[in-house]
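Protein chains in written order, with the numbering used here: chain A, 1 to 292; chain B, 1001 to 1302.
Accuracy of the hints is not assured; some may be wrong.
Here are the simulated lysine-lysine pairs, BS3-like style, with alpha carbons at most 30 Å apart [unchecked claim]:
#1 A:K15 - B:K1211
#2 A:K15 - B:K1203
#3 A:K15 - B:K1196
#4 B:K1196 - B:K1211
Bear in mind the hints are in silico, worked out from the structure with no lab data behind them.
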Amino acid sequence: MSARTINSRFLLAGKVVGVLALLFWSVGPIYWALATSLTRPADLVSKAPRFWPEHVTFEHYARLFGAESVSQGNTVQSVWPQFSAALLNSILTSLAATVLTVAIAAFGAYAFVRLRFPGRNLVFVLVVATMAIPAYTVMIPLYRLMIMMGLIDTYVGITLIYVSAFLPLALWLMRTVYQAMPLSLEEAAWLDGAGRIYTLLRIVMPLAAPGLIAAAILTFLNAWGQFIVPLVFSPTLATKPLTVLIPEFVTRNYVDYGLMNAAGILAIVPPIILVIFLNRYLVSGLMAGAQK
Amino acid sequence: MTAQRILAARPAYQFGEAAMGLAFVLPIVVIMGGLVFMPLVTTVIDSFYRVDPMRAGEPFIGLRNYTDLMTDSNVQASWMNTFAYVVMAVVLETAGGLGAALLLNNIRRGRQWLLAATVLPWCLPPVVNAIVWMWIYNPSYGVLNHALISLGLLDAPRVWFNDRGTALFLVTLVHVWRMMPLTAIILLAALQSVPKELYEAAKLDGAGALKSFRLVTLPLISGGLAIALSQSTVFAFNLFDEAWIMGGSGLDTRSVIIQVYMSAFQNLRFSYGMALSLLAMIASLIVSMIYVLRVYRETRLD
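So that you can see chain A by itself, here it is in the shape it has in the complex (with noise of 0.2 Å):
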């Protein structure tokens, strides 16, 4: 064998040991949250070792989903009420703040980029500016200023502050989709007597759909993810999220790993199919977002 052919073997070995290494790091614990989840109680305190479940169980999953159960001698209440509930608050602040900030900023990014108006500027900077800014540095007056407007545990206001905290990111996004754009595009529409709006609408939008996407998946995970905001924000199960509830699984007596695997395993469903069937998008967002 020559030189070549040991070193490009070695290469290849030092690839496939990678691959390995880099799959454990990222899919190992998630796959760990999956096996404690389908694992009976009495075996997850077993003092014997086990790297998968040796007997599969849904019981975790059906205390989720309404069924009681007993341990110790006592009758264990199922935990839907609080968990459908946070599950619905989840969803419905996610969601809300990802259609606004997505169609804020399709339209603001395209002022930003096409329009001229007094100011556009300094606007700009401004806003692109408090990305650098820690959500955490303004909690405490918008605190004092959610409990003025009467916005605190509600809908209304966890979206807006979400809209706040991820409008920069999204508009960054939005704002390099459209400076890529040619502008003969739009142009040509022109001449042919379109208006505005129709352009943008018709036009400039449809052929923006991958930016908007990405801006959408970015802002979904970042509201779904949030634990600080509610913490705060929500202090009951009007508003309060997934998040903000599973820890609460820990009560005075013991911690319910199980049921917490199990929760969490349900936490991060959305999350893994936007990964699975949208990860083309995502990662362009990244990247495009990590562009300065």
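Following the hints, complete the assembly by docking chain B onto the known chain A.
Same frame as chain A, now just chain B:
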């Protein structure tokens, strides 16, 4: 400049166009102004007052909040913890992210799937990540102890969070698990913009893999590296979710943002928390600014 000539030739703004632009931007101005800029100004102003819902009056106290912060031992401990989080997270995310990006850049078959798997942790709610890892770290039944014992690396199960250094490291690891994908993607984008011919030229000049990495790759991805470094710094500075779920209000793992949250919403000292949150914001801005400037300057000399 032609742009200036065009601007001079016609009125500065056409009424219809300007009106439409303002209409499109109005929601942005209202939302960002009301929910970010106004509160930010309030934060600065109120940090010089005593705003305290449990006490009457809001007197001006000058720099009292700031001088109190300097001598508060809890605040000092939380600064030390945040400093440790930032250093460990930035080093691990950059090293791991660069490795993952190089690997992804050199793979042809199944790259989409490996990329999806790599990005996945970033997409999940940080709270769920923290819970999943807390179960992995569990002293009695956790898979980490099981695995280390069966590999013979550990004699008896360890209670990981009993030791401050270990606890900080393990919280960092969860944060790194979530944030490393972002570094990897930023660096992958940078790697893909390096022209292939440069590698061939380096090879012809007799440069080995390591040398061509140092002389070709590194200078050309420095822009992406600066962005990745400042991103990971800002996110590690603002670490809250993982540390709060895993360590709660415990001083061993308390970050500055947890301290802000506790000052404001548990001890109900609003303006004290505001002063601290301002300092945290300024610190993270300065540090990430340093990266960007230094990386740009150093690579320009190359």
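Each hint, compared with the structure:
In summary, the hint linking K15 of chain A to K1211 of chain B is supported, as the alpha carbons are separated by about 19 Å, within the 30 Å threshold. Under the criterion of a C-alpha separation no larger than 30 Å, the hint pairing K15 of chain A with K1203 of chain B is consistent with the structure, at around 21 Å. Distance hint between K15 of chain A and K1196 of chain B is fulfilled; the C-alpha atoms sit about 20 Å from each other, no more than 30 Å. The suggested pairing of K1196 of chain B with K1211 of chain B holds, with an alpha-carbon distance near 16 Å, which does not exceed 30 Å.
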